[in-house]
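Here the protein sequences line up with chains A and B, keeping their order.
Quick note on numbering: the first sequence equals residues 1 to 466 in our numbering.
Quick note on numbering: the second sequence equals residues 1 to 477 in our numbering.
Calculated directly from the structure, the hints in this document are not laboratory data.
The model shown is predicted, which means the values in this text are computed figures rather than measured ones.
It is possible that part of the hints are untrue.
Stated by the list, open to error - Below are the DSS-like pairs computed for lysine-lysine, each with C-alpha atoms no more than 25 Å apart in a straight line:
1) B:Lys110 <-> B:Lys132
2) B:Lys99 <-> A:Lys372
3) A:Lys327 <-> A:Lys345
4) B:Lys387 <-> A:Lys327
5) B:Lys55 <-> A:Lys229
6) B:Lys294 <-> B:Lys341
7) B:Lys445 <-> B:Lys461
8) A:Lys54 <-> A:Lys81
9) B:Lys445 <-> A:Lys348
10) A:Lys369 <-> B:Lys81
11) B:Lys232 <-> A:Lys378
12) A:Lys250 <-> A:Lys229
13) B:Lys359 <-> B:Lys308
14) B:Lys359 <-> B:Lys122
15) B:Lys81 <-> A:Lys372
16) B:Lys427 <-> B:Lys398
17) A:Lys369 <-> B:Lys132
18) A:Lys252 <-> A:Lys378
19) B:Lys203 <-> B:Lys165
20) B:Lys408 <-> B:Lys359
21) A:Lys90 <-> A:Lys252
22) A:Lys36 <-> A:Lys145
23) B:Lys387 <-> B:Lys374
24) B:Lys461 <-> B:Lys374
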Amino acid sequence: MLPYKTHTEKIRLIQKAQLSLIENVEFFLSQISVHKDINAFNFLFDDAIDRANKIEQKIKEGTSGKLAGMVIAVKDLLSVKDKPLTCSSKILRGFEAIYTATSIEKLIDEDAILIGKTNCDEFGMGSTNENSAFGPVLNPLDKLKVPGGSSGGSAAAVAANFCDAAIGTDTGGSIRQPAAFTGTFGIKPTYGRVSRYGLTAYASSFDCVGPIAKNVLDLALILKIISGKDELDSTSSESNEIQFPSQNKKYKIGLPKEYFKEGLTEEVKTGIEITIENLEKTGHEIIDISLPHSDYTIAAYYILATAEASSNLARFDGVRYGLRNEKIRTFDELYNLTKTEGFGKEVKRRIMLGTYVLSSGYYDAYYSKAQKVRRLIKEDFDNAFREVDLIISPTAPSTAYKIGDTVNDPLQMYLGDIYTVSANLTGIPAISVPYQSENSLPIGIQFMASHFNEEILLDIAQQITE
Amino acid sequence: MKEKYEAVIGLEVHAQLITNTKLFCACSIKFGSPPNSNVCPVCLGHPGALPVTNKQAIEYAVLMGLAVNCVVNEQSIFARKNYFYPDLPKGYQISQFEKPICENGHIEVKTAEGSDKIIRIKRIHLEEDAGKSIHDQGSDTLVDLNRCGTPLIEIVTEPDISSAKEAYEYLINLKQIVTYLGICDGNMEEGSLRCDANVSVRKYGDKLGTKTEVKNMNSFRNVERAIDFEIKRQIEILEEGGTITQETLLWNADLNEAFPMRSKEESHDYRYFPDPDLMPIVIDEKWKTKITSKMPELPKVRRERFIKQFNLPEYDAEILTSTKDMADYYEAVLEFTDDYKSASNWVMGDISKVINENKISIKDFSISPKNIGKLIELINNNTISGKIGKELFEELLKSNIDPEIIIKEKNLVQITDSSELENVIDKILSSNSIQVEEYRNGKEKVFGFLVGQVMRETKGKANPQLVNEILTKKLKG
Chain A
1 MLPYKTHTEK IRLIQKAQLS LIENVEFFLS QISVHKDINA FNFLFDDAID
51 RANKIEQKIK EGTSGKLAGM VIAVKDLLSV KDKPLTCSSK ILRGFEAIYT
101 ATSIEKLIDE DAILIGKTNC DEFGMGSTNE NSAFGPVLNP LDKLKVPGGS
151 SGGSAAAVAA NFCDAAIGTD TGGSIRQPAA FTGTFGIKPT YGRVSRYGLT
201 AYASSFDCVG PIAKNVLDLA LILKIISGKD ELDSTSSESN EIQFPSQNKK
251 YKIGLPKEYF KEGLTEEVKT GIEITIENLE KTGHEIIDIS LPHSDYTIAA
301 YYILATAEAS SNLARFDGVR YGLRNEKIRT FDELYNLTKT EGFGKEVKRR
351 IMLGTYVLSS GYYDAYYSKA QKVRRLIKED FDNAFREVDL IISPTAPSTA
401 YKIGDTVNDP LQMYLGDIYT VSANLTGIPA ISVPYQSENS LPIGIQFMAS
451 HFNEEILLDI AQQITE
Chain B
1 MKEKYEAVIG LEVHAQLITN TKLFCACSIK FGSPPNSNVC PVCLGHPGAL
51 PVTNKQAIEY AVLMGLAVNC VVNEQSIFAR KNYFYPDLPK GYQISQFEKP
101 ICENGHIEVK TAEGSDKIIR IKRIHLEEDA GKSIHDQGSD TLVDLNRCGT
151 PLIEIVTEPD ISSAKEAYEY LINLKQIVTY LGICDGNMEE GSLRCDANVS
201 VRKYGDKLGT KTEVKNMNSF RNVERAIDFE IKRQIEILEE GGTITQETLL
251 WNADLNEAFP MRSKEESHDY RYFPDPDLMP IVIDEKWKTK ITSKMPELPK
301 VRRERFIKQF NLPEYDAEIL TSTKDMADYY EAVLEFTDDY KSASNWVMGD
351 ISKVINENKI SIKDFSISPK NIGKLIELIN NNTISGKIGK ELFEELLKSN
401 IDPEIIIKEK NLVQITDSSE LENVIDKILS SNSIQVEEYR NGKEKVFGFL
451 VGQVMRETKG KANPQLVNEI LTKKLKG
């Protein structure tokens with residue numbers, strides 16, 4: 001076990017020479033090695049120990065950054081210069097990034113130690129981490145279950161004590177749902193708060209980079225560091241600095257009636273009910289609200305996200321980097337053979353779906369209509385946030401599935417995204433807070449807030465955790 | 001047979017903008033660098049790299065829009081045009097589709113009959129260029145991505161053009177405008193201006209015929225030839241009772257013929273959709289005003305000013321303003337002489353001859369405007385004769401130094417001393433007594449011969465007016 005709970009405690013221990021940073025990194029590496037079957041990492045960084053050595057010096061000299069010595073795992077969708085970048089896809093086998101993602105650069109600048117690249121669903125497409133060229137990730141809490149996805153490796157690494165925290169990405173719930181399945185904290189920031197530069201795009205207008213951690217303090221600390229306008233990402237924005245810990249406020253919390261109709265498992269329902277009771281007891285106000293277009297969120301999400309994906313993944317063609325079938329003789333073969341061989345089943349399914357909805361003759365019926373629905377859903381949320389500060393829901397309709405359960409039923413997997421995709425469609429921030437029920441795996445309680453109100457998400461998360 | 005038909009032509013012109021950097025990254029757009037040296041994660045299409053729009057390119061596109069009387073859209077959006085090709089790293093080109101940056105403008109051109117005609121401009125949009133595929137070096141296709149991401153504007157006309165000649169005139173005008181604006185070098189041979197033509201024909205009064213698209217013309221003359229070819233081809237088909245197939249043809253300049261592209265190459269569904277990586281371009285009044293303030297004097301206005309201000313014939317003004325560089329040179333000469341017409345003559349005559357012979361731009365012409373101005377002044381104040389002026393010009397071509405130094409060193413100063421000239425003339429008259437006799441018998445043509453002899457004797461330095469005066473006096477006296 002680790003002798004500290006939060007990063008602040010860790011720093012203090014190092015300063016007092018009660019913790020050796022090198023031993024700390026070695027401990028993580030040994031855990032990863034002992035629990036190899038969890039398969040959380042695609043690659044480990046061999047310079048982690050070296051960096052630990054240097055940063056320990058800096059901590060003792062008092063010249064270290066805000067994340068000094070925090071051991072962080074990075075989802076393998078993000079570029080780190082001179083390190084492999086595969087997106088858990090065969091198509092990028094052997095590829096090394098030639099630059100570092102802005103969010104990761106910020107971690108490095110604050111003296112975090114990157115320990116490796118975590119497994120994920122290929123290009124972030126999936127909710128179980130079973131769609132990976134590196135094989136599935138096991139849930140450390142129950143190895144017969146999935147860790148969720150697509151940031152399954154990141155969440156598993158945090159839950160299994162392979163690192164202090166991890167960076168994930170969230171396009172339709174890919175940080176929050178694995179956090180829920182593994183009993184960790186995960187936050188999807190407001191779209192634009194964290195630079196996407198260096199995040200391999202799945203669906204550009206949805207993709208967000210965010211942290212997964214063991215406690216709210218570390219989560220807030222990392223989020224603060226990686227936030228900010230980036231000249232290299234036109235969609236990033238100037239935003240208020242996150243003040244945390246904040247003032248322990250009482251909130252108006254909306255409970256959308258559309259979210260509790262059907263498909264919710266008993267343990268999730270119970271968990272939510274108990275949480276709501278506790279919130280009321282501690283002085284928060286629960287208000288029934290309505291999000292009338294909720295039935296269309298999954299459809300709108302999968303049309304728009306796959307449309308963008310079909311274009312975003314076009315660049316993986318074997319011309320400049322990555323996999324290339326050597327038998328090719330013509331241009332057509334170059335594209336056909338490379339992509340056929342390089343992409344997994346789920347990725348191909350989404351590229352085909354996205355290509356279809358953008359095709360001439362179908363664009364208006366699908367893409368344009370889904371854009372309209374996206375606007376309507378945004379309006380639903382704008383209206384709701386006129387009445388309430390926060391919206392509460394489960395993160396996922398159930399606890400972690402058995403491995404193999406959704407492999408032949410992608411629609412079932414897509415429906416599991418019902419609570420998470422709205423935040424991506426609307427760009428608002430959302431957090432998943434673990435709730436441990438007695439006889440089952442943990443569930444996730446999700447809170448959503450209006451744009452750039454991460455502060456109150458962190459505050460409520462901290463309150464219900466205490 | 002051709003008289004029964006009229007041609008309906010629309011042009012799509014791509015102009016490469018000469019910005020400092022590419023449209024969506026900080027790479028240089030320099031021509032002629034080693035292959036794949038002006039590249040970065042963005043223009044190489046590396047995973048996670050994102051485009052950031054070059055403001056200068058936006059300003060150039062707006063400047064063009066304003067120059068051709070377009071409406072500048074307050075908001076326009078970038079769209080992705082999806083297709084696969086090895087020189088297109090991202091698998092899509094960032095272009096504009098639904099909301100281009102400028103719309104609804106026009107350019108005036110001179111028709112064959114000499115009247116003015118309005119060619120409407122439908123839209124101007126910004127887009128990035130693709131890389132270059134090189135197919136002729138062995139069996140492999142080589143890809144150079146230096147050009148990839150270079151900013152282009154596409155200028156699309158309405159189908160208002162009715163002959164190949166008009167299309168040619170339109171292009172010449174367009175080239176003049178882009179070079180005056182300094183946003184494109186206008187070189188069609190090097191591909192910095194590219195033109196595709198949509199051509200259809202119809203009998204007068206009929207509804208529009210089926211159009212074809214002609215591509216791959218790499219000079220202004222080739223555009224003219226290709227359109228002429230296509231008009232004739234379509235009329236021949238119709239006259240034989242056939243129908244026109246809507247297709248794309250590629251012009252072959254060596255064979256002077258256009259050939260249909262393989263139909264597979266044109267059956268693209270580009271699946272345009274708004275690029276989620278880029279925010280809409282917003283050009284508010286403030287920015288528009290700032291851009292407008294950078295608008296240089298355009299060719300038409302400058303031409304009219306030259307006629308008025310310098311009292312030049314229309315012909316001179318037309319030629320002098322044909323390129324911005326020439327007009328600038330001309331006005332630079334005028335800083336050193338007030339003889340507008342002589343300056344015009346020098347620029348249009350001797351100077352143009354030299355630059356044409358050497359195939360150089362007037363910008364690279366070796367004699368400075370200052371020295372041309374001085375040269376004109378030296379002639380006008382009788383320091384040298386016009387003939388010596390030509391000699392001095394040749395000397396200046398060899399070395400562009402102060403003309404006054406040259407005439408002193410080479411002893412080219414005009415002889416204006418009448419007693420010195422009288423001596424020379426006396427000598428000429430005595431050694432040409434036969435011609436003198438002929439003149440006195442009424443053969444006045446001989447006068448020119450005698451003047452020539454005097455000039456020869458003085459190596460051209462005699463003041464011609466003075467020679468005339470003295471010679472007349474002596475012959476009649």
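Here is what the structure says about each hint:
Restraint check for B:Lys110 and B:Lys132: not satisfied, since their Cα atoms lie roughly 36 Å apart, outside the 25 Å limit. Annotation: proposed proximity of B:Lys99 to A:Lys372 holds, straight-line Cα distance about 18 Å (limit 25 Å). A distance of roughly 22 Å separates the Cα atoms of A:Lys327 and A:Lys345; the hinted pair therefore holds under the 25 Å criterion. Between B:Lys387 and A:Lys327 the alpha-carbon distance is near 75 Å, which puts this suggested pair outside the 25 Å criterion.
About 18 Å separates the Cα atoms of B:Lys55 and A:Lys229, which keeps this hinted pair within 25 Å; it holds. This hinted pair does not check out: B:Lys294 and B:Lys341 have alpha carbons roughly 30 Å apart, beyond 25 Å. The straight-line distance between the Cα atoms of B:Lys445 and B:Lys461 is roughly 22 Å, inside the 25 Å bound, and the hint therefore holds. Between A:Lys54 and A:Lys81 the alpha-carbon distance is near 19 Å, which keeps this suggested pair within the 25 Å criterion.
The straight-line distance between the Cα atoms of B:Lys445 and A:Lys348 is roughly 95 Å, outside the 25 Å bound, and the hint therefore fails. This hinted pair checks out: A:Lys369 and B:Lys81 have alpha carbons roughly 20 Å apart, not beyond 25 Å. The hinted pair formed by B:Lys232 and A:Lys378 fails the criterion: a straight-line CA distance of about 57 Å is larger than 25 Å. The hinted pair formed by A:Lys250 and A:Lys229 fails the criterion: a straight-line CA distance of about 30 Å is larger than 25 Å.
Under the criterion of a C-alpha separation no larger than 25 Å, the hint pairing B:Lys359 with B:Lys308 is inconsistent with the structure, at around 31 Å. Between the alpha carbons of B:Lys359 and B:Lys122 the distance comes to roughly 35 Å, so the proposed pair goes past 25 Å and is violated. Of the supplied pair hints, the one linking B:Lys81 and A:Lys372 holds, its CA atoms being roughly 22 Å apart against a limit of 25 Å. For the proposed pair B:Lys427 and B:Lys398, the alpha carbon gap of about 35 Å is over 25 Å, so the pair is violated.
With a C-alpha separation of about 37 Å, the suggested pairing of A:Lys369 with B:Lys132 is violated against the 25 Å cut-off. Distance hint between A:Lys252 and A:Lys378 is fulfilled; the C-alpha atoms sit about 20 Å from each other, no more than 25 Å. A distance of roughly 19 Å separates the Cα atoms of B:Lys203 and B:Lys165; the hinted pair therefore holds under the 25 Å criterion. About 32 Å separates the Cα atoms of B:Lys408 and B:Lys359, which puts this hinted pair outside 25 Å; it is violated.
This hinted pair does not check out: A:Lys90 and A:Lys252 have alpha carbons roughly 47 Å apart, beyond 25 Å. At roughly 16 Å between alpha-carbon atoms, A:Lys36 and A:Lys145 fall within 25 Å of each other, so this suggested pair holds. Under the criterion of a C-alpha separation no larger than 25 Å, the hint pairing B:Lys387 with B:Lys374 is consistent with the structure, at around 15 Å. At roughly 18 Å between alpha-carbon atoms, B:Lys461 and B:Lys374 fall within 25 Å of each other, so this suggested pair holds.
When held up to the earlier numbered hints, the structure conflicts with 1, 4, 6, 9, 11, 12, 13, 14, 16, 17, 20, 21 and fits the remainder.
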